[in-house]
Structures are given as structure tokens and as C-alpha cells.
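**Student:** Can you make the complete structure from the sequences, with help from the hints?
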Amino acid sequence: MKTQYSKLFLSGLICVIILMGNGTTGHFQSVYAASPDDSAAEASRQLQDATGGKNATGGKNGSQADNDPTENKSGSEVAESNQQNAASGADDPATALEKPDVMANPRGGAGENSNKTVLPKKSEPSGTLVLNFDNAELSEVIRTLAELLQINYMLDKGVSGKVTIHTAGELSRKDLFPVFYQVLEINGVTAVQENNIYKIVPLKDASRLPIMSRMGKDARIPAGERVVIQIIPLESVSAQEMSKILTPFISQEGTIVSQEKQNILVVVDKSDNISKVLRLVKVFDADVFERVNHRFYSLEYGDVESIIDIMDKLFLSYGDAVKADVNFIPITRLNTLLVVSSNPKVFDEVEDFIRQYDVPSQSTEPGIYVYAVKNGRAGDIADILNKVFTGKKGVKEDKKRSEAISVFQNPFGKLTKQEKTDNQTTQKERIPAVVPPLGSDVAAGSGTLRGKINITADESRNSLIIEAAPSDYRIIKNLLTQLDILPRQVLIEVTIAEITLDESTAMGVEWSYKKGGGSLSTSLVDATMGESGLNFTIGNPDRWSAALSALATENKVNILSSPSILASNSMPAKIDVSQEIPVASSQYQYSTSTDPLLETNIEYRDTGILLSVTPNINDQGLVTMDVNQEISEQASSVLVGGKLYPSFYKRSTSTTLSVQSGQTIVIGGLIRETKSNGVSGTPWFINLPVINFLFGQTTDSVSKNELLILISPYVIATPDDVDVITQELTNRLSYLFDKAE
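Residue numbering for the sequence shown is 81 to 821, as defined by our numbering.
No lab work stands behind these hints: they were computed from the structure. C-beta: ideal position from N, C-alpha, C; glycine also. Hints may be right or wrong, so weigh each one.
[Stated by the list, open to error] Per label pair, the in silico range of CB-to-CB distance:
#, residue 1, residue 2, range
1, SER727, GLU573, 26 to 34 angstroms
2, MET234, MET295, 24 to 32 angstroms
3, ASP367, THR327, 20 to 28 angstroms
4, ILE645, MET295, 14 to 22 angstroms
5, LEU394, LEU566, 29 to 37 angstroms
6, ILE325, ARG253, 37 to 45 angstroms
7, GLY399, GLU573, 57 to 65 angstroms
8, THR735, ASN785, 19 to 27 angstroms
9, HIS374, ILE448, 16 to 24 angstroms
10, GLU573, TYR729, 23 to 31 angstroms
**Tutor:** See the structure below:
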């Protein structure tokens, strides 16, 4: 019996302590205390008896509520009264205990003693707590901690687990929130605050709730276990690569989403893990230019390509790690070495080496060097060097000039058999162009030549053989790197069309275009065309294509030719769609004893479509073209000296014009008028003399055709432009094949 009284006293003492700890509010929710041997009902009864008939919230207990003398007392007054009662029993040896922390049994029923809920005491004014849970249900632990923290919460149905926690020392109330979140983390759940309610959900579902979001790389984030959405913009590393780096460092329930277009990362995890992720991002997403330096070293006597081979071997001897951290880049045009490294000591080593290496050569004897031309022609470059250093013209330049004059005077190559043979012989007898020796006082752009040099162009290998002193060769090579560049090219698209004119276009298609709002036009009178003139217009190619398409629907367009040709800068391009027709040029008569012998010399005449274009391209994409165009056809034969000879009808133009890359220039005004007459009527009777007009009629007709030439140049500056144009041509052919099928 004495033991039971001791237990009752102990239960009352616990309630007094708890009421003291909650004296500010006067409430205590659902507190149950009992020994391990009692049932839940007995524990509740003992607790009510020990507290004088009061329940845990300070209210009345059952039927005793009407007679309770403490009905109107506040919670603090009840706590004070119970504290005095507890003090009065301090002399009893059975109850003289040292302020026990807590003894609790969740309402598990008799025989269940594995779950112990330990409620805190208020042993000091600061309100320290001691927590002890053995294999307790997670929901019960959450309820207890929520009551202590005085927070409202909602529990997701997917939250479950067991909790065991023992605190060796006393905890202050401000330490309860970290403990609360750690208990949740162990069980894979978290608490997300929404207004005044904490929603406790599995961590993987937290991102769907309105959790806190941050943006930036600042790792100074409040510590704790709260789930945070962190938006991280990246600068130097792609979002996909950074995602691979960070994935091992986030929690199992965390999430990383990479956005490639904006190059950002979205990380959902606990705040502690977010801080760790941000520190890693700061390390890996560093600006490479902040860590890597570069320097230029100009060489005065040495060759930059030669020194790179030596530097590579030198730093490789220091070890692979040192060599991997330095990169040598030659700038041959400036004879300069570019060094890139993240180790500042590398630059001191390079500077010391160059100071000892870049010294004047002791030998002034000339050497023989072979320079392989990469983009141009060896003979052309040899002529340029000769003109720059000596002011004289090379052999190849004189030959090209004479060939150019010949082409200008006879752009379409109307050659006799003898002329063709002479040209073939000339081609076989070509010899390498040799630049005469240069004097010792010849100055170059980047230095002064100190000795004599000889330059020979080996056209079969497209190389230059240079005999010069080492210092002179460096000057020549510097100039070669600027001359031996990829030549500019231009794709020339030409459309030659013949338009049948009617009343609406009687003055020509070009006139009608101007009347409809053309952009720019000029008229030139061609002396060989009589009343018709040469007109050309620069405009939008799409508009001209639309105009031709409209005329084609009326069967008024005859496309004679539509070629495309790729030409190099300053090199003539020729389009020849013609037929060679033999023409008698002269006759000789020889007298013999019997019959006279007549000998005729034959010349071949190209008849058809002939076009020669020589483009010149500047840096801004302006194309200047020398255009020579001829459209000819055989006409009726002409009687000369009792013999018939073929005659030809020709329409030709020769002009120089400039147009931007991608624009279309239209040459028109070449109008041809054809007159014809015919007789129609009753057969047989129409052939009767005198009265034939009674049985038929004679008609006279006049038709006009205008020749239009559309030229569109497209400058090709890089090899990629060639691929684009090739693909466009392939697409056109595919379209035609599909349409034909």
C-alpha cells in the first residue's frame, strides 16, 4: 500500500512540474502518466486523482466539475498550488526524488511497455527539456514535439516510422526545432510551413508545396533541415555537366533539374545540402579567365615554329603535369609566341629561355628554304615578291597580261586551227619563273634584306624555293603568310531568257518593271542594235523571279539557259553553250595545165550562248564584274559572188558593273524585231495569176522579242559557305527529281 501511495505522489509531482512549465498559457494537452504495470485507464485515473480531479488542460473532470474549489483558478494558480503540495511531501523518504524528467506511457494499453514518451520538465526558469523516446511511433513523437513547440500541423497519410531518441543533457526550447527537423529527416519526411500550419509530408513530395525558393550562388543560407528550392545560374560550365557533378552530393530524396537553354540548375533539397551544393558550384563554375593567364613573346631573330618544338621538349622534361598546364601557340604572321598557362612561374621560365635563344645568328651564309604554297599559285606569288622587292615584272605576270589582252579583244575565242595549235605549243613550253637576285639594300615591310636572295617557283609542286640568309628568309616568310591566304570566290548564277513582247510590254520588260516601281535603272545606247537600247536594273531577285513566272504563265518566256559557275577573285569565268559552224574565210585559185584549183580556208564560228565574267571582290562583299555576253544564231544564207554563205544574227553586250553579294542585276533592252508574211486561201486557186486575190489573202506580221540577262553573284568567304551553297543546289535538284516523278 505504501508503494501505491508513493506512485500516486510521484504522479502528482509530475503534473505539478508540467503545469509549472506551461504556466504562461494555462493549458496542457493530452498528458498521460502511468507506471509500466498499470493499464491506460488506471493511469488516467491516477493522474486525475493526483491533480485533484483536474484533467491535463486545467479543466474539470467529470461530475466533480460542479464542486471543484479550483474552478475559477487560472493555470498558473493551479500550478502554484500543486507545487506547494509537492513540497509538503518532500520529507517522505518514498517521495524524496530528484526532480525526475518525465515518465510516460503512450496509450498503448496493458502489456505494451516498448514505447516510452518522456515529457520535459521545467527545472529552471530558462525552460530546459530532456527527451527520451524508445521505439516510439513517429506520429506520437511529432505530436509531443508540436505541443512543446506550440505549432499547428497537418500529417500526411504517407508519414510513418519509429523514433528512438535520448538526450544525455538538457535541451533549451530553441533547440527543439532542429531536433524536430532531424527526427523528420531520419524518417524521410519534412515539414513545410504554409501560413500558420506545418504540413508534414514525405521529402520527395515537398517540391509540390509552396516552399521557400532562392536564386543565385550565395551559399550563406540559413542552416537547418528545411526544404528549399535553389535556382542556380551558371556561367562557365553547362547545366548538364554541372548536374552530373552535383548529383552524388544531394540527398536521396533531393532533385536536380537542368535547363540547357538558360543554362541554369534547379535544386530541391534541405537547406544544409543546398549550402553544400552552392559551395561546389562556386568551385567548378569559376571563370576560366580568372585562373588562366597568357603572354605574347615577339621574336626578333628566331623562328617561332622552331622555338615551339624546343619549348615542347623542354617542358615535357619537367613532367607530364607541368607540360599539361602550358600551351604554346605560334603566330607566324607576327613571328610571335603566345603562351597560355595557369601557373605564373611558367612565364618566368619561358622569358628566360627566349632571352637566351632569340639572339642574332653568327652565320651570314645564305641557306636554301622550300615554302609550300597552301592557297595560291607559286608562280603568281613569285611574281608578286619580285615586284615588291625589285620593282620589276616577272615572266608570269607579263604572260598573264598578254593573255588577258587577247581574251579582251576576242572574249569568245574564235580561233583558227593554227591559233589553237600555237596555244597548245605555248602551254608545253612553260618554264619555272625565276625572280632575279635582289640587291643588298632592298627594304621589306617588316625589315631590311641584308643579302642577295633568289626565289624560284616550282609550279609542278606549287612551291617556292628561296635562297636567302636566315634573317632575310624570316622577312620573306612573314610576307608569304600574308599573301598565301584562301582566295575569295563568288558563285555566279545567270539566267538568260527571251521574252515575247505584246502591247503591255511594247517598250520592253525593263520599262514595264520601272513603271511598276523598279528600284534603279540606267539606259545605254548600243550602236550595234539600232533603235533598241541596253538597259540594266539592280533589284530584288525575288521580284524578278515573280515577274518571269507571271510571264511564263502566259507562254511569253523562253528560258535559253540558266547556268551557275564558281569563279575565283580576278579570274575569268566563261559559260559557252554553242555550236561551232564552219565559215569560209578566204579562197585561193591556182592555175594548172588542165583545170584551175580552188582552195578555201575554213574558220570556225561559235554560235549560241556565250558569257564571260571576270569578278573582283572587295572586303565588304561588293562584286565588280566585267561582263561579255553574246547570243547568236545562224540566219538565212547570203549570196556573195555567185555563192551562198551563212549569215548570223547576234545580240551582244560588254560592260563593267558592281553589285552587292546576293543582289541581282538585270540586263535588258536587247529587242529583236522579226517581220514575216504569209498567204492563205483556197488550194490550187490561190496560185492562179492575176485573180488569186479573189481566192485568198496575204498577211504581214511583226513580232518582237527581248533578251533578258539576270546575274546574281554570291560571295563565298569560308569553306562553310561552299557547303551551304552545295546543299542548296542539292535541294533544288531533289525538288526537280521529285516533281519529275
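**Student:** With reference to the structure, classify each hint as holding or not holding.
**Tutor:** Hints versus structure:
Between SER727 and GLU573, the C-beta spacing of about 33 angstroms keeps the proposed range 26 to 34 angstroms intact. The supplied range of 24 to 32 angstroms is met by MET234 and MET295, whose beta-carbon atoms lie about 29 angstroms from each other. Taking the beta carbon of each, ASP367 and THR327 are about 24 angstroms apart, inside 20 to 28 angstroms as hinted. Judged by the Cβ atoms, the range 14 to 22 angstroms given for ILE645 and MET295 is violated: they are separated by roughly 57 angstroms.
Between LEU394 and LEU566 the Cβ separation comes to about 34 angstroms, which falls inside the hinted range of 29 to 37 angstroms. Checked against the hint of 37 to 45 angstroms, the pair ILE325 and ARG253 passes, with Cβ atoms roughly 40 angstroms apart. Distance hint check: the CB atoms of GLY399 and GLU573 are about 59 angstroms apart, consistent with the given range 57 to 65 angstroms. For the pair THR735 and ASN785, the supplied restraint of 19 to 27 angstroms holds, since their beta-carbon distance comes to about 21 angstroms.
At about 36 angstroms, the beta-carbon gap between HIS374 and ILE448 misses the expected band of 16 to 24 angstroms. For the pair GLU573 and TYR729, the supplied restraint of 23 to 31 angstroms holds, since their beta-carbon distance comes to about 27 angstroms.
Of the numbered hints given earlier, the model fails hints 4 and 9; all others are met.
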